Amino acid sequence: MGSSMEEKVVAVIMVGGPTKGTRFRPLSLNIPKPLFPIAGQPMVHHPISACKRIPNLAQIYLVGFYEEREFAIYVSAISNELKVPVRYLREDKPHGSAGGLYHFRNLIMEDSPSHIFLLNCDVCCSFPLPEMLEAHRGYGGIGTLLVIKVSPESASQFGELVADPVTNELLHYTEKPETFVSDRINCGVYIFTPEIFTAIRDVSSQRKDTATLRRVSSFEALQPATRIPADFVRLDQDILTPLAGKKQLYTYETMDFWEQIKSPGMSVRCSGLYLSQFRLTSPQVLASGDGTRNAIVIGDVYIHPSAKVHPTAKIGPNVSISANARVGPGVRLISCIILDDVEIMENAMVTNAIIGWKSSIGRWSRVQAEGVYNSKLGVTILGDSVAVEDEVVVTSSIVLPNKTLNISVQEEIIL
Amino acid sequence: MKALILVGGFGTRLRPLTLSFPKPLVDFANKPMILHQIEALKAVGVDEVVLAINYQPEVMLNFLKDFEAKLEIKITCSQETEPMGTAGPLALARDKLVDGSGDPFFVLNSDVISEYPLKEMIEFHQSHGGEASIMVTKVDEPSKYGVVVMEESTGKVERFVEKPKLYVGNKINAGIYLLNPSVLDKIELRPTSIEKETFPKIAASQGLYAMVLPGFWMDIGQPRDYITGLRLYLDSLRKKFPAKLTTGPHIVGNVLVDESAKIGEGCLIGPDVAIGPGCVVESGVRLSRCTVMRGARIKKHACISSSIIGWHSTVGQWSRIENMTILGEDVHVSDEIYSNGGVVLPHKEIKSNILKPEIVM
Numbered sequence: 001m002g003s004s005m006e007e008k009v010v011a012v013i014m015v016g017g018p019t020k021g022t023r024f025r026p027l028s029l030n031i032p033k034p035l036f037p038i039a040g041q042p043m044v045h046h047p048i049s050a051c052k053r054i055p056n057l058a059q060i061y062l063v064g065f066y067e068e069r070e071f072a073i074y075v076s077a078i079s080n081e082l083k084v085p086v087r088y089l090r091e092d093k094p095h096g097s098a099g100g101l102y103h104f105r106n107l108i109m110e111d112s113p114s115h116i117f118l119l120n121c122d123v124c125c126s127f128p129l130p131e132m133l134e135a136h137r138g139y140g141g142i143g144t145l146l147v148i149k150v151s152p153e154s155a156s157q158f159g160e161l162v163a164d165p166v167t168n169e170l171l172h173y174t175e176k177p178e179t180f181v182s183d184r185i186n187c188g189v190y191i192f193t194p195e196i197f198t199a200i201r202d203v204s205s206q207r208k209d210t211a212t213l214r215r216v217s218s219f220e221a222l223q224p225a226t227r228i229p230a231d232f233v234r235l236d237q238d239i240l241t242p243l244a245g246k247k248q249l250y251t252y253e254t255m256d257f258w259e260q261i262k263s264p265g266m267s268v269r270c271s272g273l274y275l276s277q278f279r280l281t282s283p284q285v286l287a288s289g290d291g292t293r294n295a296i297v298i299g300d301v302y303i304h305p306s307a308k309v310h311p312t313a314k315i316g317p318n319v320s321i322s323a324n325a326r327v328g329p330g331v332r333l334i335s336c337i338i339l340d341d342v343e344i345m346e347n348a349m350v351t352n353a354i355i356g357w358k359s360s361i362g363r364w365s366r367v368q369a370e371g372v373y374n375s376k377l378g379v380t381i382l383g384d385s386v387a388v389e390d391e392v393v394v395t396s397s398i399v400l401p402n403k404t405l406n407i408s409v410q411e412e413i414i415l
Numbered sequence: 001m002k003a004l005i006l007v008g009g010f011g012t013r014l015r016p017l018t019l020s021f022p023k024p025l026v027d028f029a030n031k032p033m034i035l036h037q038i039e040a041l042k043a044v045g046v047d048e049v050v051l052a053i054n055y056q057p058e059v060m061l062n063f064l065k066d067f068e069a070k071l072e073i074k075i076t077c078s079q080e081t082e083p084m085g086t087a088g089p090l091a092l093a094r095d096k097l098v099d100g101s102g103d104p105f106f107v108l109n110s111d112v113i114s115e116y117p118l119k120e121m122i123e124f125h126q127s128h129g130g131e132a133s134i135m136v137t138k139v140d141e142p143s144k145y146g147v148v149v150m151e152e153s154t155g156k157v158e159r160f161v162e163k164p165k166l167y168v169g170n171k172i173n174a175g176i177y178l179l180n181p182s183v184l185d186k187i188e189l190r191p192t193s194i195e196k197e198t199f200p201k202i203a204a205s206q207g208l209y210a211m212v213l214p215g216f217w218m219d220i221g222q223p224r225d226y227i228t229g230l231r232l233y234l235d236s237l238r239k240k241f242p243a244k245l246t247t248g249p250h251i252v253g254n255v256l257v258d259e260s261a262k263i264g265e266g267c268l269i270g271p272d273v274a275i276g277p278g279c280v281v282e283s284g285v286r287l288s289r290c291t292v293m294r295g296a297r298i299k300k301h302a303c304i305s306s307s308i309i310g311w312h313s314t315v316g317q318w319s320r321i322e323n324m325t326i327l328g329e330d331v332h333v334s335d336e337i338y339s340n341g342g343v344v345l346p347h348k349e350i351k352s353n354i355l356k357p358e359i360v361m
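Quick mapping for you: the protein sequence lines, in order, are chains A and B. Once you know that position 373 of the first sequence is 373 in UniProt numbering, the rest is easy, because the numbers rise by one and skip nothing. Once you know that position 283 of the second sequence is 283 in UniProt numbering, the rest is easy, because the numbers rise by one and skip nothing.
If you are wondering where the hints come from, they were derived from the structure by calculation, not from laboratory data. Check before you lean on any hint, since a few could be wrong.
Lysine to any residue pairs mimicking SDA-like chemistry, simulated, CA-CA at most 20 Å apart [said to hold, decoys possible]:
1) LYS356/B - GLU411/A
2) LYS356/B - ILE407/A
3) LYS356/B - VAL372/A
4) LYS299/B - THR312/A
5) LYS8/A - GLU131/A
6) LYS356/B - GLN410/A
7) LYS356/B - HIS310/A
8) LYS351/B - VAL372/A
9) LYS351/B - GLY371/A
10) LYS83/A - PHE65/A
11) LYS376/A - LEU355/B
12) LYS299/B - MET345/A
13) LYS70/B - TYR55/B
14) LYS356/B - MET345/A
15) LYS299/B - PRO311/A
16) LYS356/B - GLY378/A
17) LYS299/B - HIS310/A
18) LYS403/A - LEU377/A
Quick caveat, the model's predicted, so the values are computed rather than measured.
Isolated chain A (complex conformation) (with noise of 0.2 Å):
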């Protein structure tokens, strides 16, 4: 690897706040989206453990303006579990995905590491961090970007940049532009050196400077919209496209998964792609079963340990059941995420679908959807505590919580 003993790495993982992932309703509701199950386990577990193979780890911090209390659990169980301190840092205010670095450079520093990684929490991806790191070093840039092709159709809705097909430098870089630049995106996961701390820094204080001039000599001025406070940094727009082409930033193509999981259609997705990462990482997490002591589980399935499955139940592909859920004989499961203390009686069918916490699906009962995970309404989405009666058909809908569904509903939104 050629990394030396002494050289430390910190992690920090940008988690939001509860005023962003508004796409992540209902279930955003009840938990900060990263705490969300993907694959049995809270979104953020993900790039956490990730990390865990990077080597001379010394921290990782999460970032975020959600309150302490609400990580404070989860964190404190990680670091036990992964034995890497784990810490929740909470920004006062949203000061975008380079600000929010900035504003913690003191902290982040502490260790005086060599690398920093900076990982959007709502990723879903291999994380090849031991590889990035080994190819960053070869680079000697600042920072390195993890990219993946894409379909041209698609690659509009992502940071789409041009690499140099030999040096693998990042030669230009564009946030979601109008017109088709390049079929590479950024992947929201990086590795920085701590020159980074210097061009944020640049940004901030050339920012301080144009809003003095334009206060002294410019209409504009009078427009406060198009005013961006001084510690609030983009890291796409304000820091990689200005670096773009001056040979100190980088691209790792993965040739592995990866998505966003901006909706809550996208969380079924992506529980499918970590299940089927686990099948080759950690296939003991997965379930089993062919129907005589247990139930009968197709594919990648992932069933927690107090979770009650009944024998005839028929369960999977990609199907996680979170605690104590209790599945009821005869039950099929396809394609869904089955959280807490959910209770899906006898003959019931899921698919292509999320039941809330606490929620109840009576016998005979479907709830389903098509599984176009990225469409409004490709799946199906039960908030906490929705009763969905006997014999009762919900498709392609979006309930809010504390509803009780005694007619058959499709396409719709129910408040």
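Using the hints provided, position chain B relative to the given structure of chain A.
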């Protein structure tokens, strides 16, 4: 006594079921529709039934051969080569209906299901001494039908009003008649309407009487009415012959199960379900307001409501069939499929969901 059953044409309204069998042979409550009528006629002493038919008479006669022997009743066909309306077929079958005894004969419409109170009708006919008796039934929306205006106390019919805009009465022609042979003298051999031409003539000569049909009445010529008709029919069985209905811990409401059908553990069946001969209903199945025809198989944990499952079809595990889904003969629905109002032609396999009512060719 003789009887004429007006069978008519292709039964297009009851497709896709009538793509496999002529309409009178489509099962209703576990037996071909026409057998309900033939058995009722046999019960009041009819010894010969003439079927007025213009489509596939061979199929009908072949099928009915067995029943001729079993019920000891003669069944013949009178084939129309062109549509003869509602009265023309009577003229066409004249020679078969007139045997010189002078006895009146029945005329039944094959689309109609009721308790067939034919004995009462004979008594009614004898009591008024007129030339013709018709059954009438009370409906909620008379403006959709031909209304029979009659003298309430005697039943003497004054006139017929087709689809009245203003309320003239709520009794409509139920499609069950008892006619003296002399009525045939009033019908020419041409396409003609019994309601518009023949009955008004008889009414004018004070010879037409109407009897209000006791019990239920339903025209089951289309799927929605077929399912409603089954409910009414089973309600009536509950009152008259409750022993014919199935009972048990997994049965809710009125359910008719053929003795050769098999039902698994943990099912919940009913209300208003008919399960035909040789059907297999596996464990954990839920059936309500539906008909499962001869030879069909419903696999584990499936749920079917307000639908018709055609002959020898199969419904896969955890499938959900509802909202006027009609599966034609030999249709196979894969496991875990959802059908909301799918109308499926015979011999198809359904491998993807039908989310909104549509026809699968």
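Evaluation of the provided hints:
1. LYS356/B - GLU411/A: Cα-Cα ~11 Å, so holds.
2. LYS356/B - ILE407/A: holds, 16 Å
3. LYS356/B - VAL372/A: Judged against 20 Å, a Cα distance of about 17 Å means the pair holds.
4. LYS299/B - THR312/A: holds, 14 Å
5. LYS8/A - GLU131/A: holds, 16 Å
6. LYS356/B - GLN410/A: Holds, because 10 Å separates the two Cα atoms, which is no more than 20 Å.
7. LYS356/B - HIS310/A: violated, 33 Å
8. LYS351/B - VAL372/A: holds, 18 Å
9. LYS351/B - GLY371/A: Between LYS351/B and GLY371/A the Cα gap is close to 16 Å, so the pair holds against 20 Å.
10. LYS83/A - PHE65/A: violated, 25 Å
11. LYS376/A - LEU355/B: Given pair LYS376/A, LEU355/B holds - Cα atoms ~17 Å apart, limit 20 Å.
12. LYS299/B - MET345/A: The hint holds at about 18 Å.
13. LYS70/B - TYR55/B: violated, 25 Å
14. LYS356/B - MET345/A: violated, 26 Å
15. LYS299/B - PRO311/A: Distance of about 18 Å is within 20 Å: holds.
16. LYS356/B - GLY378/A: holds, 16 Å
17. LYS299/B - HIS310/A: holds, 19 Å
18. LYS403/A - LEU377/A: Cα-Cα ~18 Å, so holds.
In this structure, the hints that do not hold are numbers 7, 10, 13 and 14, in rising order.
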